[in-house]
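Participant: Here are the chains, one letter per residue:
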Amino acid sequence: MSVVALTKKILQAALFYEIWDAMKVTFRHMLHRPMTFQYPREQRTIPDAHRGALGLLRYDDGHERCVGCDLCEAACPSHCIKVISAEDTTRPLQRYASEFYIDITKCVFCGYCVEACPVNALAMTKMYEYSTHDKRSLLFDKKRLYDIGERHLDDGKKYLYAHNQEKNVEQSREYRYYFPQSVQKSTQPPPKHLS
Amino acid sequence: MGLKPATNPDVEAVRIELSIDGKSVTAQDGVSLYDVISMTGKIIPAMCYHYTFDPFGSCGMCLVMQEGKKAPVRSCTAKAAAGMVIRTEGEDLFLARKKAVEKHLSVHPLDCPVCDADGHCELQDMAFQHGVTNLASAKQKFIPEDTRSPVLDFNMNRCIACAECINVCKDVLMIDALQFMKKGGFNQVVAKGDLALDCEFCGDCLAVCPVGAITNKFSKYLYKPWQMKTTTTTCNYCGDGCQLHLETKDEEVVRVTSPLSWKNKWGDRSETAKGHGGLCVRGRFGFENLDSKSRLTQPLVREGGQLVQKPWLDTMDLLVGRFTEIKRQYGADAIAGLVTARCTNEELYLFQKLMRTVFGTNQLDSSARYGHMNFVLASKHAVGLGRTPNDWEDLTKAKAIILIGSNITETNPLTAVRIKEAMRVYKAQVVTLDSAITNIAKLASHPFLIKPGTEGAVIDGLVRATIDQDLVDEEAVGKHPHAFEALKNAVADVSLERLAAQTGLSVEAFREIAAIFAESTRSIILCAEGIVRRTNGYQNVLKLMDLAWITGKLGRTGCGVNTVTEEPNEQGAVDMGVAPEFFPGQARFDDPAARDRFARAWEAPLPPTGSSAHLVEILKRCKSGQIKALYVLGENPLATLPASMEVRAGLERLELLVVQDPFLTDTAKMAHCVLPACTYAEKDGTFTNLEGRVLRVRQAMDPLGESLPDWHIMTALANAMGCRWEYQSPNDIQAEIMKLLPGYYNLGQPRKVLPVPDQYLSAGYEAEVKARYRPTPLSGERTRPFALLMGQVLMHSGKLSTQASGLITIAPNTGKLRMNIQDMERLGLHDGVKVRLISDRGSLQLGVQPDQSIAPGTCFFPEHFNEPPVKDLMTVSVDATTGVPSFKQIWVSIEQV
Ligand code: SF4
Ligand code: SF4
Ligand code: SF4
Ligand code: SF4
Ligand code: SF4
Ligand code: FES
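Here the protein sequences come in this chain order: A and B.
So the first sequence is numbered by numbering that gives the first Met the number 0: it starts at 0 and just counts up by one.
So the second sequence is numbered by numbering that gives the first Met the number 0: it starts at 0 and just counts up by one.
Check each hint, because a few of them may be wrong.
[As the list claims (entries may be wrong)] Computed list of chain B residues with no C-beta within reach of chain A, every gap over 10 Å: (1) Pro112; (2) Pro143; (3) Lys223; (4) Lys262; (5) Trp311; (6) Gly320; (7) Gly503; (8) Ser519; (9) Ala717; (10) Arg783; (11) Gln802.
[Unchecked claim] One-sided excerpt, in silico: chain B residues whose CB lies under 10 Å from chain A: (12) Pro108; (13) Asp110; (14) Asp115; (15) Gly118; (16) His119; (17) Phe179.
[To be verified] Calculated cross-link-like contacts (lysine-lysine; reagent style DSSO-like; alpha-carbon spacing at most 30 Å): (18) B:Lys216 - B:Lys769; (19) A:Lys81 - B:Lys228; (20) B:Lys22 - A:Lys141; (21) A:Lys142 - B:Lys798; (22) B:Lys450 - A:Lys81; (23) B:Lys668 - B:Lys426; (24) B:Lys262 - B:Lys138; (25) A:Lys141 - B:Lys248; (26) B:Lys262 - A:Lys81; (27) A:Lys81 - B:Lys292; (28) B:Lys228 - B:Lys216; (29) B:Lys216 - B:Lys622; (30) B:Lys219 - A:Lys141; (31) B:Lys292 - A:Lys142; (32) B:Lys262 - B:Lys78; (33) B:Lys248 - A:Lys166; (34) B:Lys751 - B:Lys379; (35) A:Lys105 - B:Lys191; (36) B:Lys219 - A:Lys81; (37) B:Lys78 - B:Lys622; (38) B:Lys138 - B:Lys219; (39) B:Lys216 - A:Lys166; (40) A:Lys141 - B:Lys98.
These are calculated hints, taken from the structure and not from any lab test.
All values derive from a computational prediction rather than experimental measurement.
Glycine residues also receive a C-beta, built at the ideal position from the N, C-alpha and C atoms.
Take these sequences, add in the hints, and give me the full structure.
Facilitator: Here you go:
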C-alpha cells in the first residue's frame, strides 16, 4: 500500500468520513417534502378500478341481485367462493343464494368473479382494512358481504363502471343477462357491448 | 342405432355401400343416415336425436350435404341408401347449423344463470360451438311454468320442441304420458290431455331433455353440475340393479342421474336389449333417505327402558360382553341372526361367516326367505341352478313370455321395460296371468285376469293343456320316458273344466296359452310375487319347470323359468350362503365335502347341521326362549310379519336384541342395543342382481355422523370376540370370496349356465310328481266375499322408501283400502268412506279409495305401510319344504260403518 493511500485512510478514519457519507442521504431528504402518508391518520385516494374487498349488491328496490348461479365460484382461481343456491319461492322462476361464502384470506383479488357474474351482483370495493385477531372472521358470509355491499355501494358501482361492466343503474338489469320477469319489452336489442 | 332390429333378431338386414366424406362405408339398408355417419366415428351435432327411439327430425342440426341435392338434408330422418355420396363438413354446413341454433335461441329465455341445465345443456354447447354471440331479433315466449305435477316442473320457455321426452316416454317406456299441444302460439309439451302430469315418474324424460325445460322438484335450483361429485353405483331399491349416478355435495345427495341422458345419444339400438340405461321413480327420486335427518348417527343402548346415545367403544364393549356371556351360559344355539338383502355381497358373506364361525350357530337367514328362496330351492332342485337362467337380453329377445303372478311394472320397472321392448321391437307374444289389472296386462297381447290365489291351478291347467294338445317336445320327454309317464299320470285327474271354473280362465285360454308357449322358439316364463310369495310357492315353481321341460324349453338358449327379486341383493344373499341350508356358492350346508372345504378355509369348526333354523324357526325359537340373543342387521321382522306370528312376544323374550340399521325401525325400537349403519351410498361393495350379474356399489360420501359400514362393524365385533379378521376394506373380503368362489364376480357379466334337469328327472321325480298336481283346496276355501291382497306399489320398496321424503310426497300412505270401482258402487261406497275390514284374524276400520288396477272381488293395501295395521289381518302359512312364510293374501268381508 502506498503512503498516500495510507494517509488518506487514516484521515478518513479520524474525520468519521463514512458516517458523513452515509448521512448525506438523510440530510438531503431533510429538505424534501415527505413522501409517506401518515396512515391511518391520512388516507390515500383510491382509483375506481381498485380491487378491494368483495361485496354483494342489491337492486335499488332492495332485491338481492345475486341469483346463485355459481359462476363466480366456477371462475375463482383460488377456490375461495362457495355458493349454496335455493329456489326463491316468493317469485316465480327465481333462484337465489341461500348461503354465500368468500374466504377473503385466500382471495387473490383477480376480480374474475366480478367479471363472471351475469347480473353484476358482485363488486369490488375500496375497502381493504379488515385485519383482525380472529382469522375466522375473514370467512365473509352472505350477511357480511351484503353489509359490505351496502356500505360501499357507490364504490362498488364505480368499480363496475370503471371495468365497463355496468353503465348505470337503470341499465344494470338489462346490461348483461336478463330474466323473464324483469324484461319489460318482449324484443330486446342486442346488448350494447356486443353490437 | 335408429334401425329397429328386424322382427326376427337372427335375420340380418341387407348390406349396402355409400360414401361419406370421400370414404366408402358399408351399412345396413334402411338405417338412419345419421347412424351410419356416427358409426364411422364422426360426431355431427344433433339435438333431437337419441338412439333409443326413432328419429324425429325437428332441430335441424344434423345437416349434411347429399350429392345431387341443393339444400342440406337432415341426416337423422334420411335413410341410408346404396350409392349415396355424403359430405358432413364444410363452411356452408357450419353456417346452416349456426342458423338453426340461432333460430332456437331467438325464442329462448337465455336465463342460463338460474337454469338447472346450465353447464349441462346441449343448446348452450351448440351456441358456444357455433360462436353465436348475437341475435338479430329475439322474442320471449312468456309461458308460465307448469308446476302441477308432484315431481316434474315444465318450463316451456326453454323447450326446443325436440320431442325427446315424448319419444322416450312413448317408444321406450310405452307409458305415453306426454304430448305436444299448441298453446299460446307455441308448441308445448304437456301431460296427456293438458292435465297435471301423473305418470310412473321414471324421470327418463328429464334425463333426455337436452335443455332445462324439465326440472325435478326435489333438486330444483339446488345445484350447478360442476359443484357436484358424481359416483356411479347400483340402485338399492330392487333386484333390477340399475346403474345410477349419485351426485353429491359433501354429505348431501343432490340428485340422481341415469346413464340414459341426452349426452349419451350415440349407441347401438340392439344394445338396449341389455338395458336402456334409464331408471325408475325409486332410483331417480328416492334418494332423500340417504342424508335424511332421521338417520341414526350414534350407537344407542337401552338404559332403564330408554335408548340413550353411547360412544362406540362402550357399546361394543357391552355387546361383546353380553354375546360372550350368552354363548358361555346357554351355548352357541342361543344366538341367531337375520340380515337384509340390501347389504352388499361382501357384508352378507361376512355376516354368515360371523354367525357360523364366531358365534358358532347356523340359525341365520336373510330377507330372501320372504319369497325368493322358494324359487331358488325349486330351481336348484330341478335344474341345479339356484337363480334365473335368463338375462335381460334373453327376455328382450324372447318370442313368447308368460308372466304369471307379477305386477312387474310396479315391482321391477326396468325388467318391465325389457318386456315392453320384447313386445314392441321383437313382437313377442306376452301372456299375463294375474289377479290384478296390471299395467303390463294393458300392453300384453294375451292378458288374462285370474281369480286371486289360483296361480297354481292355472299352471296345472297349462301342463294338462300342453299334454292334451300334444304340444310336448318329443326330444325332451323322449329322454325321460318314465318321468313323462309319471307326469301324465299325475295330471290325469286334472280337469280343465274344473280349473276353468276355479281360476276364471276359459278352457280355450288354457289351450291357447299352452300353444303360444310351446310353439315359440324362445319362450320365457317369469313368475313373481304371485307365485313365490304365496302358498305352495315351491311346488308351483316346480310345476312351471315341468311345463318348461315337456315343451322342451328347459336348457335351451333363450328359454327358461325366471323370477324377479324385490330387494337389490336377494340373489347375493343366497349366493353368499346367508341361509341355513347353504354355504357360499350355494353348496349344501350338510354336504360333508363342502363342510370340510369351508371349515378349512375359515380355519374354524362349523356348527352342526342339526340345529339349523330359518327365519320362521328362529322367530319360533325366540318365543320359546331357546334363542336368547338375536343380531338383526337391517331386517325389520316386527313391521313385516303379521301379528299372528307373534314377533313382538318373541323379541320381548330375548335377553339381547341387537339391531344394526341406518334408521330406527320398529324392531330397533325394541332393541337393547342399536348400531348405526351406513346406507349403500357410504360404502363399497357389490350387489348381485336378478340376472346374476355382480354390480359394483361405490362410496359416494363419507359415513353420516358416527355411522359405520356394516362390514366394518362386523369385523370389529368378530375381532372383539377373539377372532383375527384382517379385513381393511371390502376389497379384502372380495379377495377371500374370489378365492372360495372362483368366477363369481365374472366382471359384472351374467354367468351363462344352461340348466340341466336330467338328474332331477331320472332320480326320484316319479315319486315326487305324484302329489304335485293333486287338486288342492286353494288357499283356504273362499269364506268371505273379497280377497285382500298386500303387495308392492311402484313408488315404494319395502319400508326403506318410506324414509325418502320425495317418494312419500309422490305416494303418501293414504291409509285407505284400494278397491274396484264397481265393487264400491255395489256396496254403496265412495272415496273416503270408512269401512270395517274383517278377516278371520280380526278386523279394523279404514277408508276406501277406488283404484282402476284392482280387479272385482279383490282389494289391496300396500305392504309398505302399517298404518292402519292391515298386515295384522293376515294369516301366515309356512311352506313345508322351504320355510317361506306367505302372508300376502286372505279372504275378507267389507262392511260400511
Ligand atoms: S377476486 Fe379472484 S380470487 Fe378473489 S374471490 Fe374473486 S375470483 Fe376468487
Ligand atoms: S356469479 Fe353473481 S349471481 Fe352468480 S352466484 Fe356469483 S354473485 Fe351470485
Ligand atoms: S336451457 Fe340451456 S340455454 Fe336455455 S337457459 Fe337453460 S342452460 Fe341456458
Ligand atoms: S321438454 Fe325437453 S325433451 Fe321435451 S321437447 Fe322440450 S326440449 Fe325436448
Ligand atoms: S328398477 Fe329397481 S334398480 Fe332400477 S332404478 Fe328402479 S328400483 Fe332401482
Ligand atoms: S337431430 Fe336431425 S333434426 Fe334434430
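Participant: Each of the hints needs a verdict: does it hold here or not?
Facilitator: How the hints compare with the structure:
| no. | hint | verdict |
| --- | --- | --- |
| 1 | Pro112 | violated (3 Å) |
| 2 | Pro143 | violated (7 Å) |
| 3 | Lys223 | violated (4 Å) |
| 4 | Lys262 | holds (19 Å) |
| 5 | Trp311 | holds (30 Å) |
| 6 | Gly320 | holds (44 Å) |
| 7 | Gly503 | holds (51 Å) |
| 8 | Ser519 | holds (52 Å) |
| 9 | Ala717 | holds (42 Å) |
| 10 | Arg783 | holds (50 Å) |
| 11 | Gln802 | holds (23 Å) |
| 12 | Pro108 | holds (5 Å) |
| 13 | Asp110 | holds (5 Å) |
| 14 | Asp115 | holds (9 Å) |
| 15 | Gly118 | holds (8 Å) |
| 16 | His119 | violated (13 Å) |
| 17 | Phe179 | violated (22 Å) |
| 18 | B:Lys216 - B:Lys769 | violated (58 Å) |
| 19 | A:Lys81 - B:Lys228 | holds (15 Å) |
| 20 | B:Lys22 - A:Lys141 | violated (59 Å) |
| 21 | A:Lys142 - B:Lys798 | violated (42 Å) |
| 22 | B:Lys450 - A:Lys81 | violated (60 Å) |
| 23 | B:Lys668 - B:Lys426 | violated (52 Å) |
| 24 | B:Lys262 - B:Lys138 | holds (28 Å) |
| 25 | A:Lys141 - B:Lys248 | holds (19 Å) |
| 26 | B:Lys262 - A:Lys81 | holds (27 Å) |
| 27 | A:Lys81 - B:Lys292 | holds (23 Å) |
| 28 | B:Lys228 - B:Lys216 | holds (20 Å) |
| 29 | B:Lys216 - B:Lys622 | violated (47 Å) |
| 30 | B:Lys219 - A:Lys141 | holds (21 Å) |
| 31 | B:Lys292 - A:Lys142 | holds (27 Å) |
| 32 | B:Lys262 - B:Lys78 | holds (23 Å) |
| 33 | B:Lys248 - A:Lys166 | violated (37 Å) |
| 34 | B:Lys751 - B:Lys379 | holds (15 Å) |
| 35 | A:Lys105 - B:Lys191 | violated (53 Å) |
| 36 | B:Lys219 - A:Lys81 | holds (18 Å) |
| 37 | B:Lys78 - B:Lys622 | violated (71 Å) |
| 38 | B:Lys138 - B:Lys219 | holds (25 Å) |
| 39 | B:Lys216 - A:Lys166 | violated (37 Å) |
| 40 | A:Lys141 - B:Lys98 | violated (42 Å) |
Hint check: violations occur at hints 1, 2, 3, 16, 17, 18, 20, 21, 22, 23, 29, 33, 35, 37, 39 and 40; the rest are consistent with the structure.
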